[in-house]
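Put together the whole structure using the sequences plus the hints.
Note that my numbering numbers the sequence shown so that position 235 is 405, with each residue one more than the last.
There may be inaccurate statements among the hints.
[Unchecked claim] Lysine-lysine pairs mimicking DSBU-like chemistry, simulated, CA-CA at most 35 angstroms apart: (1) 308 x 353; (2) 260 x 242; (3) 242 x 353; (4) 308 x 260.
Derived from the structure by calculation, the hints contain no laboratory data.
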Amino acid sequence: MSTIEQNLQQVTERISSTARQCGRDPQEITLLAVSKTKPVTVIEEAIRAGQTAFGENYVQEGIEKISYFQQKAVTTPLSWHFIGPLQSNKSRLVAEHFDWLHTLDRRQLAQRLNNQRPQALAPLNVLIQINISGEDSKSGILPAGLAELAAQVAELPRLRLRGLMAIPAPQADYQRQLAVFQKMAAIFGDLRRRHPGVDTLSLGMTDDMPAAIVAGSTLVRIGTAIFGARDYQAPTA
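Structure below.
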(Lines of atoms letter the chains of each structure in order from A and count residues from 1; the text may use other names and numbers.)
(Lines give C-alpha, C1' and ligand atoms only; values in the text may rest on other atoms or scores of the structure.)
Protein backbone atom coordinates (compact mmCIF):
# COMPACT_ATOMS: atom_id res chain seq x y z
CA MET A 1 0.00 0.00 0.00
CA SER A 2 1.42 3.41 -1.01
CA THR A 3 1.72 6.34 1.37
CA ILE A 4 -1.02 8.22 -0.49
CA GLU A 5 -3.31 5.21 -0.28
CA GLN A 6 -2.62 4.86 3.44
CA ASN A 7 -3.27 8.55 4.01
CA LEU A 8 -6.55 8.42 2.09
CA GLN A 9 -7.64 5.42 4.09
CA GLN A 10 -6.84 7.17 7.36
CA VAL A 11 -8.68 10.36 6.34
CA THR A 12 -11.70 8.37 5.16
CA GLU A 13 -11.78 6.43 8.43
CA ARG A 14 -11.56 9.68 10.38
CA ILE A 15 -14.47 11.13 8.40
CA SER A 16 -16.56 8.01 8.98
CA SER A 17 -15.76 7.86 12.69
CA THR A 18 -16.56 11.54 13.28
CA ALA A 19 -19.78 11.31 11.30
CA ARG A 20 -21.03 8.26 13.18
CA GLN A 21 -20.18 9.82 16.55
CA CYS A 22 -22.48 12.75 15.80
CA GLY A 23 -25.22 10.63 14.23
CA ARG A 24 -24.50 11.39 10.60
CA ASP A 25 -24.19 9.05 7.62
CA PRO A 26 -20.56 9.14 6.36
CA GLN A 27 -21.92 8.84 2.81
CA GLU A 28 -23.27 12.39 3.15
CA ILE A 29 -19.72 13.75 3.22
CA THR A 30 -17.55 14.14 0.11
CA LEU A 31 -13.78 14.09 0.43
CA LEU A 32 -12.15 16.66 -1.85
CA ALA A 33 -8.41 15.98 -2.20
CA VAL A 34 -6.66 19.34 -2.48
CA SER A 35 -3.92 18.62 -4.99
CA LYS A 36 -2.59 22.14 -5.58
CA THR A 37 1.19 22.25 -6.13
CA LYS A 38 1.31 18.45 -6.27
CA PRO A 39 2.55 16.58 -9.38
CA VAL A 40 0.30 14.35 -11.47
CA THR A 41 2.19 11.28 -10.23
CA VAL A 42 0.75 11.60 -6.72
CA ILE A 43 -2.70 12.37 -8.12
CA GLU A 44 -2.42 9.15 -10.11
CA GLU A 45 -1.69 7.32 -6.85
CA ALA A 46 -4.79 8.85 -5.30
CA ILE A 47 -6.90 7.83 -8.29
CA ARG A 48 -5.65 4.27 -8.04
CA ALA A 49 -6.68 4.35 -4.38
CA GLY A 50 -10.21 5.33 -5.38
CA GLN A 51 -10.15 9.14 -5.02
CA THR A 52 -12.04 10.96 -7.79
CA ALA A 53 -12.58 14.59 -6.65
CA PHE A 54 -9.64 17.02 -6.70
CA GLY A 55 -9.29 20.68 -5.74
CA GLU A 56 -6.95 23.18 -7.38
CA ASN A 57 -6.13 26.79 -6.43
CA TYR A 58 -4.17 27.94 -9.48
CA VAL A 59 -5.93 28.16 -12.84
CA GLN A 60 -3.11 27.23 -15.21
CA GLU A 61 -1.76 24.46 -12.99
CA GLY A 62 -5.24 22.98 -12.67
CA ILE A 63 -5.88 23.08 -16.41
CA GLU A 64 -2.59 21.33 -17.12
CA LYS A 65 -3.57 18.51 -14.77
CA ILE A 66 -7.09 18.24 -16.21
CA SER A 67 -5.65 18.08 -19.75
CA TYR A 68 -3.10 15.46 -18.68
CA PHE A 69 -5.76 13.08 -17.43
CA GLN A 70 -8.04 13.75 -20.40
CA GLN A 71 -5.21 12.84 -22.75
CA LYS A 72 -4.51 9.69 -20.76
CA ALA A 73 -8.18 8.78 -21.23
CA VAL A 74 -8.56 7.81 -17.57
CA THR A 75 -11.64 5.60 -17.35
CA THR A 76 -12.53 6.73 -13.82
CA PRO A 77 -14.77 9.83 -13.97
CA LEU A 78 -12.90 12.66 -12.24
CA SER A 79 -14.36 15.83 -10.75
CA TRP A 80 -12.23 19.00 -10.78
CA HIS A 81 -12.96 21.81 -8.33
CA PHE A 82 -11.47 25.29 -8.52
CA ILE A 83 -11.13 26.44 -4.91
CA GLY A 84 -8.91 29.54 -5.14
CA PRO A 85 -9.81 33.20 -5.62
CA LEU A 86 -10.73 33.80 -9.25
CA GLN A 87 -9.77 36.90 -11.19
CA SER A 88 -12.27 37.97 -13.83
CA ASN A 89 -9.69 37.77 -16.61
CA LYS A 90 -9.30 34.04 -15.93
CA SER A 91 -12.97 33.19 -15.63
CA ARG A 92 -13.18 31.71 -19.14
CA LEU A 93 -10.50 29.14 -18.33
CA VAL A 94 -12.43 27.95 -15.27
CA ALA A 95 -15.72 27.97 -17.17
CA GLU A 96 -14.24 25.86 -19.96
CA HIS A 97 -12.32 23.29 -17.92
CA PHE A 98 -13.55 22.84 -14.34
CA ASP A 99 -16.64 21.09 -12.99
CA TRP A 100 -16.98 23.18 -9.82
CA LEU A 101 -16.12 26.67 -8.57
CA HIS A 102 -16.09 27.15 -4.77
CA THR A 103 -15.29 30.86 -4.60
CA LEU A 104 -18.05 32.80 -6.34
CA ASP A 105 -18.41 36.17 -4.62
CA ARG A 106 -19.87 38.70 -7.06
CA ARG A 107 -22.59 39.04 -9.68
CA GLN A 108 -20.26 40.19 -12.45
CA LEU A 109 -18.16 37.04 -12.11
CA ALA A 110 -21.26 34.87 -12.14
CA GLN A 111 -22.45 36.52 -15.35
CA ARG A 112 -19.08 36.03 -17.04
CA LEU A 113 -18.93 32.36 -16.06
CA ASN A 114 -22.47 31.82 -17.30
CA ASN A 115 -21.70 33.42 -20.67
CA GLN A 116 -18.41 31.52 -21.01
CA ARG A 117 -19.57 28.04 -20.01
CA PRO A 118 -19.60 25.88 -23.18
CA GLN A 119 -23.00 24.54 -24.20
CA ALA A 120 -21.45 21.09 -24.65
CA LEU A 121 -20.71 20.90 -20.93
CA ALA A 122 -23.11 20.53 -18.04
CA PRO A 123 -23.78 23.76 -16.11
CA LEU A 124 -20.90 24.78 -13.87
CA ASN A 125 -21.54 23.85 -10.24
CA VAL A 126 -20.92 26.91 -8.07
CA LEU A 127 -20.61 27.60 -4.36
CA ILE A 128 -20.88 31.11 -2.99
CA GLN A 129 -17.99 31.93 -0.68
CA ILE A 130 -18.97 33.50 2.63
CA ASN A 131 -16.51 35.63 4.58
CA ILE A 132 -17.83 34.22 7.83
CA SER A 133 -15.12 35.76 10.05
CA GLY A 134 -15.42 39.22 8.50
CA GLU A 135 -11.72 39.39 7.66
CA ASP A 136 -10.62 42.23 5.39
CA SER A 137 -7.98 39.98 3.83
CA LYS A 138 -10.41 37.16 2.99
CA SER A 139 -12.36 36.68 -0.21
CA GLY A 140 -16.08 36.07 -0.08
CA ILE A 141 -19.19 38.07 0.68
CA LEU A 142 -20.62 38.94 4.06
CA PRO A 143 -23.73 36.94 5.03
CA ALA A 144 -25.94 40.00 4.53
CA GLY A 145 -25.23 39.93 0.79
CA LEU A 146 -26.01 36.24 0.26
CA ALA A 147 -29.73 36.36 -0.53
CA GLU A 148 -29.30 38.85 -3.37
CA LEU A 149 -26.33 37.09 -4.96
CA ALA A 150 -27.93 33.64 -4.64
CA ALA A 151 -31.10 34.87 -6.37
CA GLN A 152 -29.02 36.29 -9.22
CA VAL A 153 -27.01 33.09 -9.65
CA ALA A 154 -30.14 30.94 -9.61
CA GLU A 155 -31.37 32.79 -12.71
CA LEU A 156 -28.30 31.94 -14.80
CA PRO A 157 -28.88 28.82 -16.94
CA ARG A 158 -25.24 27.80 -17.40
CA LEU A 159 -24.55 27.83 -13.65
CA ARG A 160 -25.96 25.52 -10.99
CA LEU A 161 -26.10 26.94 -7.50
CA ARG A 162 -25.02 24.10 -5.20
CA GLY A 163 -24.35 25.83 -1.90
CA LEU A 164 -21.76 27.63 0.20
CA MET A 165 -18.06 27.57 1.05
CA ALA A 166 -16.12 29.29 3.81
CA ILE A 167 -12.58 29.46 5.16
CA PRO A 168 -12.93 30.81 8.70
CA ALA A 169 -10.08 32.49 10.54
CA PRO A 170 -7.84 29.78 12.03
CA GLN A 171 -8.80 28.65 15.53
CA ALA A 172 -6.86 26.13 17.57
CA ASP A 173 -9.72 25.57 20.00
CA TYR A 174 -12.30 22.98 18.92
CA GLN A 175 -15.26 24.77 20.51
CA ARG A 176 -14.41 28.01 18.70
CA GLN A 177 -14.09 26.11 15.42
CA LEU A 178 -17.46 24.49 16.04
CA ALA A 179 -19.18 27.78 16.87
CA VAL A 180 -18.12 29.37 13.57
CA PHE A 181 -19.07 26.28 11.57
CA GLN A 182 -22.47 26.13 13.25
CA LYS A 183 -23.03 29.73 12.22
CA MET A 184 -22.24 28.75 8.64
CA ALA A 185 -24.56 25.75 8.89
CA ALA A 186 -27.42 28.03 9.95
CA ILE A 187 -26.81 30.30 6.95
CA PHE A 188 -26.71 27.22 4.73
CA GLY A 189 -30.02 26.00 6.15
CA ASP A 190 -31.64 29.32 5.34
CA LEU A 191 -30.27 29.21 1.79
CA ARG A 192 -31.69 25.70 1.29
CA ARG A 193 -35.14 26.91 2.32
CA ARG A 194 -34.94 29.61 -0.35
CA HIS A 195 -33.33 27.36 -2.98
CA PRO A 196 -34.30 23.67 -2.52
CA GLY A 197 -31.72 22.47 -5.06
CA VAL A 198 -28.84 23.56 -2.82
CA ASP A 199 -27.06 20.54 -1.30
CA THR A 200 -23.39 21.35 -0.62
CA LEU A 201 -21.70 22.99 2.37
CA SER A 202 -17.94 23.08 1.78
CA LEU A 203 -16.35 23.43 5.21
CA GLY A 204 -13.35 21.94 6.95
CA MET A 205 -9.71 21.30 6.18
CA THR A 206 -7.03 19.09 7.72
CA ASP A 207 -6.84 20.99 11.03
CA ASP A 208 -10.55 21.57 11.68
CA MET A 209 -12.32 18.75 9.85
CA PRO A 210 -13.99 17.13 12.90
CA ALA A 211 -15.69 20.36 13.97
CA ALA A 212 -16.87 20.96 10.38
CA ILE A 213 -18.42 17.50 10.14
CA VAL A 214 -20.19 17.86 13.49
CA ALA A 215 -21.60 21.22 12.34
CA GLY A 216 -22.96 19.72 9.11
CA SER A 217 -20.34 20.03 6.38
CA THR A 218 -21.08 17.91 3.30
CA LEU A 219 -17.67 18.42 1.67
CA VAL A 220 -14.27 18.61 3.36
CA ARG A 221 -11.19 19.96 1.58
CA ILE A 222 -8.16 17.94 2.65
CA GLY A 223 -4.66 18.44 1.29
CA THR A 224 -1.86 18.06 3.82
CA ALA A 225 -3.25 14.93 5.48
CA ILE A 226 -3.34 13.21 2.06
CA PHE A 227 -0.41 14.61 0.11
CA GLY A 228 1.85 16.05 2.81
CA ALA A 229 3.21 19.59 2.99
CA ARG A 230 2.75 21.69 -0.14
CA ASP A 231 5.46 23.06 -2.38
CA TYR A 232 4.67 26.77 -2.66
CA GLN A 233 7.33 27.23 -5.33
CA ALA A 234 4.62 26.13 -7.77
CA PRO A 235 3.21 28.66 -10.26
CA THR A 236 0.52 30.94 -8.85
CA ALA A 237 -1.24 31.66 -12.13
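Here is what the structure says about each hint:
1. 308 x 353: It holds: about 17 angstroms lies between the C-alpha atoms, which stays within 35 angstroms.
2. 260 x 242: holds (25 angstroms)
3. 242 x 353: Distance of about 43 angstroms is beyond 35 angstroms: violated.
4. 308 x 260: holds (19 angstroms)
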